Every structure is written in structure tokens, then in C-alpha cells.
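*Asks:* Here is what each chain is made of, one letter per residue.
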Amino acid sequence: MANLASNFLGIKSPNPFWLASAPPTDKEYNVERAFQAGWGGVVWKTLGEAGPPVVNVNGPRYGAIWGADRRLLGLNNIELITDRDLEINLQEIKAIKKRWPDRAVIVSLMVPCEEEPWKKILKRVEETEADGVELNFGCPHGMSERGMGAAVGQVPDYIEMVARWCKQHTRMPVIVKLTPNITDVRYPARAAKAGGADAVSLINTVSSITSVNLDSFSPEPSIDGKGSHGGYCGPAVKPIALNMVAEIARDAETAGMPISGIGGITTWRDAAEFMALGCGNVQVCTAAMTYGFKIVEEMIEGLSNWMDDKGHADLDAIIGRAVPNVTDWQYLNLNYVTKAKIDQDACIQCGRCHIACEDTSHQAITNMVDGLRKFEVIDAECVGCNLCVNVCPVENCITMEQISGTDPRTGKSAELPYSNWTEHPNNPSATKTAAE
Amino acid sequence: MAKAKSRDIRQGRLDPAQYLENFSDLHAPLGQHEATVEADRCYFCYDAPCMNACPTAIDIPLFIRQISTGNPKGAAQTILDQNIMGGMCARVCPTETLCEEVCVREVAEGKPVRIGLLQRFATDTLLAANPAHPFKRAPATGKRVAVIGAGPAGLSCAHRLAMHGHEVTIYEARAKSGGLNEHGIAAYKSTDDFAAREVAFILDIGGITIAQGQALGKDISIDQLSSEFDAVFVGMGLPGVHALGLQGDHADGCIDAVEYIETLRQSDDKSNLPVGRNVVVIGGGMTAIDVATQVKLLGAENVTICYRRGPEQMNASDYEQEVAQTHGVAIRHWLQPRKILTDANAVTGIELEYTAQNGTLTGTGEALTLAADQIFKAIGQSFDAGPLEGTGIDLDQGRIIVDENQKTSRDGVWAGGDCISGDEDLTVVAVEHGKLAAEDIHKTLMG
Ligand SMILES: Cc1cc2nc3c(=O)[nH]c(=O)nc-3n(C[C@H](O)[C@H](O)[C@H](O)COP(=O)(O)OP(=O)(O)OC[C@H]3O[C@@H](n4cnc5c(N)ncnc54)[C@H](O)[C@@H]3O)c2cc1C
Ligand SMILES: Cc1cc2nc3c(=O)[nH]c(=O)nc-3n(C[C@H](O)[C@H](O)[C@H](O)COP(=O)(O)O)c2cc1C
Ligand code: SF4
Chain A
165 MANLASNFLG IKSPNPFWLA SAPPTDKEYN VERAFQAGWG GVVWKTLGEA GPPVVNVNGP
225 RYGAIWGADR RLLGLNNIEL ITDRDLEINL QEIKAIKKRW PDRAVIVSLM VPCEEEPWKK
285 ILKRVEETEA DGVELNFGCP HGMSERGMGA AVGQVPDYIE MVARWCKQHT RMPVIVKLTP
345 NITDVRYPAR AAKAGGADAV SLINTVSSIT SVNLDSFSPE PSIDGKGSHG GYCGPAVKPI
405 ALNMVAEIAR DAETAGMPIS GIGGITTWRD AAEFMALGCG NVQVCTAAMT YGFKIVEEMI
465 EGLSNWMDDK GHADLDAIIG RAVPNVTDWQ YLNLNYVTKA KIDQDACIQC GRCHIACEDT
525 SHQAITNMVD GLRKFEVIDA ECVGCNLCVN VCPVENCITM EQISGTDPRT GKSAELPYSN
585 WTEHPNNPSA TKTAAE
Chain B
497 MAKAKSRDIR QGRLDPAQYL ENFSDLHAPL GQHEATVEAD RCYFCYDAPC MNACPTAIDI
557 PLFIRQISTG NPKGAAQTIL DQNIMGGMCA RVCPTETLCE EVCVREVAEG KPVRIGLLQR
617 FATDTLLAAN PAHPFKRAPA TGKRVAVIGA GPAGLSCAHR LAMHGHEVTI YEARAKSGGL
677 NEHGIAAYKS TDDFAAREVA FILDIGGITI AQGQALGKDI SIDQLSSEFD AVFVGMGLPG
737 VHALGLQGDH ADGCIDAVEY IETLRQSDDK SNLPVGRNVV VIGGGMTAID VATQVKLLGA
797 ENVTICYRRG PEQMNASDYE QEVAQTHGVA IRHWLQPRKI LTDANAVTGI ELEYTAQNGT
857 LTGTGEALTL AADQIFKAIG QSFDAGPLEG TGIDLDQGRI IVDENQKTSR DGVWAGGDCI
917 SGDEDLTVVA VEHGKLAAED IHKTLMG
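Which chain is which? The protein sequence lines are A and B, in order. Going by our numbering, the first residue of the first sequence is number 165, and it counts up by one from there. Going by our numbering, the first residue of the second sequence is number 497, and it counts up by one from there.
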């Protein structure tokens, strides 16, 4: 059995699956159930400063995008930070940590961008004996209008400043949670590092409008006929999150800084992919909100089985393994030639590959051979783009195969050694002409 | 032969509530969610095989996509553009041998997209909304066309002609329109008076008059119509039935299946229908399956279909056979009727002979006797050529010959549906014939 025990910034948990700061972690009741179900840790729903708590809307706070069979693919919310009293939250955190000493309990925080409020709240959190804090610089709605959340996360200088205050005023590990609503995620990550943060976690939600009601012309979710942008999460945001994680993992300035991966993680596979791109652990929100806490069983089992199958003994054996393989486009091998290949036995003759390639790409798939309905790749036209593979409803029916000999499309050898754009003759700033 | 026990034929074998349940929809219609889920299964194939398999060439991928985008009325329009009886066809088409047979998901996983049920969802949604008739008539052409028979072929032809601006008079022998949709299709396929509602919907386009109770050969003739109208379409179906050709054919309890079904379809209270305890059905087509299943649903205890060839040769599809079997009907093959057993000119049983296929179908000499209170004859219908004698309309094996535009050998006369030779006897095929004929009539009259 692979060892799933996780050690993130010295914070130990029996597995790398934490619940992200959100409704599933807003109350003792929920967190108790989460730990019973097997979650390795939680990041408590974001706390604000003492005093009257924030209020939420009383109308709907979620919008959604669905796939076939109404499978939830993307969720959008306009919820704020916790709307429960600070004291009650702190008492509950303390009680939970006491009952579940082997699980990670992190407290998410968001207070005004001044030193004193941060200092104050950190002391209060320390009293709960929680394992660490996460600074919520990501929330894109509501709180950002008040100069908090994403409003801080979008200004690297503020991130650095607040991170520095927090490191000064607490012994606890400090995680900075990043917003994806920026142009280049490396800048906020570098700022977090410069401020002394121990780790970054990402992504928080993506600013979004999920849909517009075509009767009332109000964005959804609609509150009395009006809507406001919300934060998007769930499976739909995973590719965005993966890229941002990879950018930070391979950036010279931040390489090696621990990352907690968040964004659309729904299965053990998603988790393994985030970890392969450099995450020390992962956090989950939408998947739990869609299916309940039980999904962690599949995550634990699945990750463990895969690791056993592949002979990975522990998490260190997989963390960051894909990072060296993420590169810039200019270094991709231009001499790697593939062609689509259709397995005629698996083909169900829907013809989608044909029409996709015919209408929108390279006219490289037949629809008729010798008067019969048949879909075959014309190697002399195929540029190897992979579109047909992606539109084919049958898995593995169309595959991309590397060819040998001559590429019938270009008439050039398909067996030339590695060569990239930096060396290509068409590149005005090529360092040298490609060997030919 | 031992004297038969007293015959057991009764009405009201079941609880009143049971009749309603037994004759409700064979397949419950899809709800909104089911329809969305099912529509999601369609791959939107290129040059879709289903579309090519539909005799009326409905753009199936398009209408299913319209359902999945929450536009069922647009879907219905797509269907009705090609097939004005899309609603009935959704209920009665043997989709397992048409569109769904070639669905790529049938090929891939043995579970086709349920096209028929989706088609019903779309057309039902449109009809339930009670919209203005979805087709507009072209400006009046001043041309008049006579249509014989208000079945699927005749109604389809009339609707398309009306759309093109012609005036249509339909001559229908029966008191009610709809043809076999109204009088023949199994009751559990066309519930809630759907056939009549669909006829009303079709006529809503305007420009179509139906002369009810007017039979060709009795009240009117081809010559007369040819002189009064600019064109004539014959869609009179197959009014005749084949006889067994055995002694006892006319005994009490030896019943023509089509006639019995017609009575069944027209009776509001199914408990009034007399049903035997032991029933034998002779035949292997849709009619045999339908009469057997419905008699079973009326409370018969033992219902046996006897067919003289094997399962592969049956005209009823595997699926239809399965429907009968799951309702408790026994299907026996390689048996042909030899003698109807009677007592005081009332049926008591039937003697059958085993058959074998040795080049031709021959009896083996070996016999089997089945007790029967009722015997249903479902060995096919025939065309009644009487009214066409001397009209110059050529027949082939007792049915009208037409060209690819449904034109008969007589100028100005077109024909379609069951009464023509060389095509399948299906509602959807009849609708297509009517449509093709209307287009050709329009071209001829306006050309
Ligand atoms: C029991 C049974 C079950 C069937 N089940 C199915 C099924 O499930 N699915 C399917 O696709 N098909 C089924 N069919 C076949 C289908 O009903 C026919 O193919 C279809 O109705 C043919 O349409 P039509 O317009 O040619 O003829 P019909 O529907 O027979 O209509 C002909 C019309 O012409 C009228 N008429 C006849 N003679 C004259 C005359 N001399 N003058 C004026 N009017 C006249 C008739 O009264 C009738 O209204 C079934 C048939 C039967 C008998
Ligand atoms: C209803 C809702 C409320 C959330 N509230 C918070 C919050 O208070 N603090 C925070 O840091 N993130 C919050 N998030 C963001 C999640 O923690 C997480 O970063 C995001 O949902 C992406 O992960 P996922 O795709 O697994 O859901 C919230 C998300 C949702 C859906
Ligand atoms: S890989 Fe691209 S170019 Fe080649 S056949 Fe497929 S869709 Fe066409």
C-alpha cells in the first residue's frame, strides 16, 4: 500500500485531500462530518474581523453550467466570507482540532489591509491551536469592493506587505491564496515569496457570469431582477488552475515554493495531476458540494491504487514529476511528425471526424471509400492536429501515431533529430539554421 | 373427436380499471428531463444514417439538437416539414427496423438514441401548446385536386397540396378520417384519441374538404373525378382481406383480425368486447401481433400465434414479436391451418399441420390440434381493384403500379400508400408517398 501521509509545511495529515475554504468548512457540524468521512484536512471558511459579521444575499447565490445528464461542470457563487460570529467560529475550530489532532486544520482569514487587524486576528487564531493560516487574497466578488480579497490579490505589493505582517505576528505557517483574476500569476506568487509566505494555494474562483435569463434579461443567479459577477469553480476551471500551478512551479523565482493545488479537483486523477505539476497537496470545494463528503473515499482509494500500480511509494515520488516536462512552445520538437489513425473496427461511423476536419480544418478525412460510408485519414493532408481525436465519441478509436519515413504532406523526412523554433529557418531571430 | 367443452367467450373479463391500464401508452412519453438526457446522447452525425433510413428523411440530428437546446417547438417544425404525421409516426413506426436500427449508438452499444420517443416529445410539446397551424398556404392557384381515402397517404398528399395553394376534396368511404391510424393501429400506440386530434391538426391548414361516406366505385368514379378535378390521388389502402380458404372460415368465432381491431379501436369501453378464453391467431405480420396482444390485454387466457414459417420470415420485427411475448402471447412457428373445428357452426378449435421448408413450403403431414374459442385471421389484406376496372390504371399483383413520382399509368392520376405495389405497408411510407405525389402534382399543374 502506497503511503498517502502528507506533510505540507510541517502540517501533517493522513492524506493530501483537504477541503477548501468554503461552505463545506463553515461550521463544526460540517467539518466533523468531513473528518468522519476521511478528509485529511480542512481550510476553515474565511473569517473576518471581530464585530458584526458580513451578511449574505437572501436570494440565490449560485449559478451553474451543466454537461450531459445535467452533470455539474461549473459553479459560480456570490457568497461572501463567513457570516457567522467570529467567537463562535473560533470556539468551534478549537473544539474540532482538539477532537481531531491528526487532521490538518487551517484557518482562512480576510481582514482590512492594515497591520493591526491582521495582528489581532492572528493572535486569536493561535489560541485555537490550528495548524496554520491561509490569507484569502482571492475572493473576486463583494469583499473586493471593500478593498479586500482579490483587491489585495491583484496588487503584488499588497500581497508582499500583508504576508510580511503575518509572518511577523505569528509562529503559524502562512499560506497565501491567489486569485486567478490577474494576467500573470507569477507576479503575485513572487510577491508572496518575497513577503516570506511559506506557501501559495491556488486558484480561488474566476470572475464570471454563468448565464443570462432570456425572459427577464437578468444575469443568473438573479436577485430581484439583478445579478452581479460571481466566482467560477468546479471541473470547468481545472485547466486554468493547472496552468497557473505549472507557471509558478517552473518559475525560477518561485520554484520549490510549496503549492497547495485548488480548482476543479473532482477525482483522484485530478489530484494526481495537480501534484505532478508541483502541488504538495490539494484542496477541494465544488466536488464535495456536488456529491457530498463521501467522494474522498474514491480519491484516497484511486490515488493509492494508481501509486501501487506504478510503484510510487509515497507522495514525494509523484510531487513535481511533470514540472520538467512543461516548457515553452519555442522548445517543442518541430520534427516530431504524427498522423491521425482511425481504428476501423472501433469506428461507429458517426462521421464527426470527417465533418470537423472537412469544414474547419484540413480536409484530411474521407467520408466515402469505393462508394461506401468510410472514414479514413488522408496522410498527405493530415497536419496531425488532433481535432478528430477530440471530437470522436469513441475513446481510442482515433489515435495520433508518430510516423517514420517521409511525411507525405511535406515530402520531408519524418525522422530528423530534435529541432525547435529557435533554430528554424523561418524564424527571423533563429540562433542557427536547422540541420537538414 | 371428443365433444368440445362449452365455448368460453365473454365480455368484461377484467376489472374496469384494468382496461384503462392495459390500453394506456405502450411506452410512456418522455418527460422534459428524460428528453434532455436522451437528446444529449445523439452524436449529431455527419450525413446521419438515421436520416437516410427514415422514409420521410426527417433531419433527425437537427431536431434532436433543437430539443437539447430547449427548443422542442423548433424540433417539431423540423419534423413536420418532412412528415406532417410526425406525431403518429413517432408512435407507430417500427423504429427498430428504420432510424434506430442504423443509429451509430445501436452499432456501438446496442442502445440506439430513442428517436421515436424524442420525436413524440417534440411533436407533443408543439400540439399541447395549441399553436396556430405551423404551415402557411401559398396564394390560391385555382387548381382542384381529388384525393381518395383519408388515410396517411391521402391526408399527407392533401396537406402538401393545400400548402401549395391548391383546393383539395378528399373522398372517404368511412364515417371517420385517419384510415388505419384511426381504425387499425394498436390501441396502446395511439392513446387519447390521438389519430383524430392529428387529423384535425392537419386539416387546420385550410383548403381541404372531406366528403365523408363517399366511396370510390360506389358513389364516385375515376372518370367522374378526372373530369371534375385537375388531378386525382388514390390512397385507398387495402380494403379487402385474405380468406383462409378452409371450411369453417365463416363459422361463429372465426374472425377477421382487422375488422375486430377496428371495432376495438372504435369502442370507448373495451369491456364490451367479447373475448375467448383460448384464442388462436393465424398470421405472422403486424396485424397478427397486434390482435394477439390486444386480445390478451382484453383478458384472454391463452393466446397463440401460429405462423407457417420461421421467426426470420415473420413480417413483424423481432421487437414486435417480443412485445407480444412479454404480454404473454405464445408464438409458434412452422404450423399451417388445416381444419377449423366447429360444433353447431361455432369454432371449438383448430387443426394445424407442421410445415417444413424444402425448396417450397410443404406440410409434413404431422398434425396438432389446439382448442380455440376464437380464431383470428391475420393473413394479410388485399387491394380492392373493382373500382379501377377499365380506368387504364395498371396493376401488379393486385396493387397499383406507380413511377418514382407516384404517378400511375393513367394521366392525371397519382397513387400512394398501401394500395401501390412494391413498397412497405407502413404509415410513414404512406405519408412519404402522399408527399411525393403532391410535389409531382404541383409541378405538373403549375409547370
Ligand atoms: C392492424 C394493423 C396494424 C398496423 N400497425 C402499424 C404500425 O404499428 N406501424 C406502421 O407504420 N404501420 C402499421 N400498419 C400499416 C399502416 O396502418 C398502413 O401502412 C397505413 O395506414 C397505410 O396508409 P394508407 O393511407 O395507404 O391506407 P389506409 O390507412 O388504409 O387508409 C385508406 C383510407 O381509404 C379509405 N378507403 C378505402 N376504400 C375506399 C374507397 N373505395 N373510396 C373511398 N375511400 C376508401 C379507407 O376507409 C381509409 O380511410 C398497420 C396495419 C394494420 C392493418
Ligand atoms: C460557495 C463558495 C464559497 C467560497 N468561499 C470562499 C471563502 O470564503 N474563502 C476562500 O478562500 N475561498 C472560497 N471559495 C473558493 C474555494 O475555496 C475554491 O478556491 C474554489 O471553489 C476552487 O475550487 P473547486 O473548483 O474545488 O471548487 C468559495 C467557493 C464557493 C463555491
Ligand atoms: S489530426 Fe487534424 S488534420 Fe489530421 S485528420 Fe485529424 S482533424 Fe484532420
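Hints are not guaranteed to be accurate.
In silico SDA-like links for lysine to any residue, alpha-carbon gap of 20 Å or less [stated by the list, open to error]:
| id | chain 1 | residue 1 | chain 2 | residue 2 |
| --- | --- | --- | --- | --- |
| 1 | A | K538 | B | R601 |
| 2 | B | K607 | A | A510 |
| 3 | A | K538 | A | T570 |
| 4 | A | K538 | B | F540 |
| 5 | A | K538 | B | T665 |
| 6 | B | K607 | A | R414 |
| 7 | A | K331 | A | E290 |
| 8 | A | K284 | A | G311 |
| 9 | B | K569 | A | L378 |
| 10 | A | K538 | B | K569 |
| 11 | A | K538 | B | E597 |
| 12 | A | K538 | B | G886 |
| 13 | B | K903 | B | V603 |
Partial chain B-side listing against chain A, Cβ under 10 Å, derived [what the hints assert, rightly or not]:
| id | residue |
| --- | --- |
| 14 | A544 |
| 15 | A604 |
| 16 | Y684 |
| 17 | L740 |
| 18 | L866 |
It is worth saying that the hints were derived from the structure and are not from the lab. Since we're looking at a predicted model, the values are computed, not measured. Where a beta carbon is used, it is the ideal one built from N, C-alpha and C, also for glycine.
*Asks:* If a hint holds in the structure, say so; if it doesn't, say that too.
*Replies:* Comparing the hints with the structure gives:
Using a Cα cut-off of 20 Å, the hinted pair K538 of chain A and R601 of chain B holds, with the two alpha carbons roughly 16 Å apart. Of the supplied pair hints, the one linking K607 of chain B and A510 of chain A holds, its CA atoms being roughly 16 Å apart against a limit of 20 Å. Among the hinted pairs, K538 of chain A with T570 of chain A is inconsistent with the structure: their alpha-carbon atoms are about 25 Å apart, more than 20 Å. Between K538 of chain A and F540 of chain B the CA atoms are separated by roughly 17 Å; this keeps the pair inside 20 Å, and the hint holds.
The suggested pairing of K538 of chain A with T665 of chain B is violated, with an alpha-carbon distance near 48 Å, which exceeds 20 Å. Among the hinted pairs, K607 of chain B with R414 of chain A is inconsistent with the structure: their alpha-carbon atoms are about 47 Å apart, more than 20 Å. For the proposed pair K331 of chain A and E290 of chain A, the alpha carbon gap of about 13 Å is at most 20 Å, so the pair holds. A distance of roughly 19 Å separates the Cα atoms of K284 of chain A and G311 of chain A; the hinted pair therefore holds under the 20 Å criterion.
Only pairs whose Cα atoms come within 20 Å are accepted, and K569 of chain B paired with L378 of chain A is accepted, the gap being roughly 17 Å. For the suggested pair K538 of chain A and K569 of chain B, the alpha carbons sit about 34 Å apart, so the restraint of at most 20 Å is broken. A distance of roughly 18 Å separates the Cα atoms of K538 of chain A and E597 of chain B; the hinted pair therefore holds under the 20 Å criterion. A distance of roughly 51 Å separates the Cα atoms of K538 of chain A and G886 of chain B; the hinted pair therefore is violated under the 20 Å criterion.
Our distance criterion of 20 Å between C-alpha atoms is broken by K903 of chain B and V603 of chain B, whose separation comes to about 37 Å. For A544 of chain B, the shortest C-beta to C-beta distance to chain A is roughly 8 Å, which falls under 10 Å, so the interface hint holds. For the restraint placing A604 of chain B at the interface with chain A, the shortest Cβ-Cβ distance is roughly 4 Å, inside the 10 Å limit, so the hint holds. At about 29 Å, the closest approach between the beta carbon of Y684 of chain B and any beta carbon in chain A exceeds 10 Å, and the interface hint on this residue is violated.
Among the interface hints, the one on L740 of chain B is violated; its C-beta lies about 45 Å from the nearest C-beta in chain A, farther than the 10 Å criterion. Given hint, L866 of chain B at the interface with chain A, is violated; its Cβ is 46 Å from that chain's nearest Cβ, farther than 10 Å.
Hints 3, 5, 6, 10, 12, 13, 16, 17, 18, counting from the list given before, are not met by this structure.
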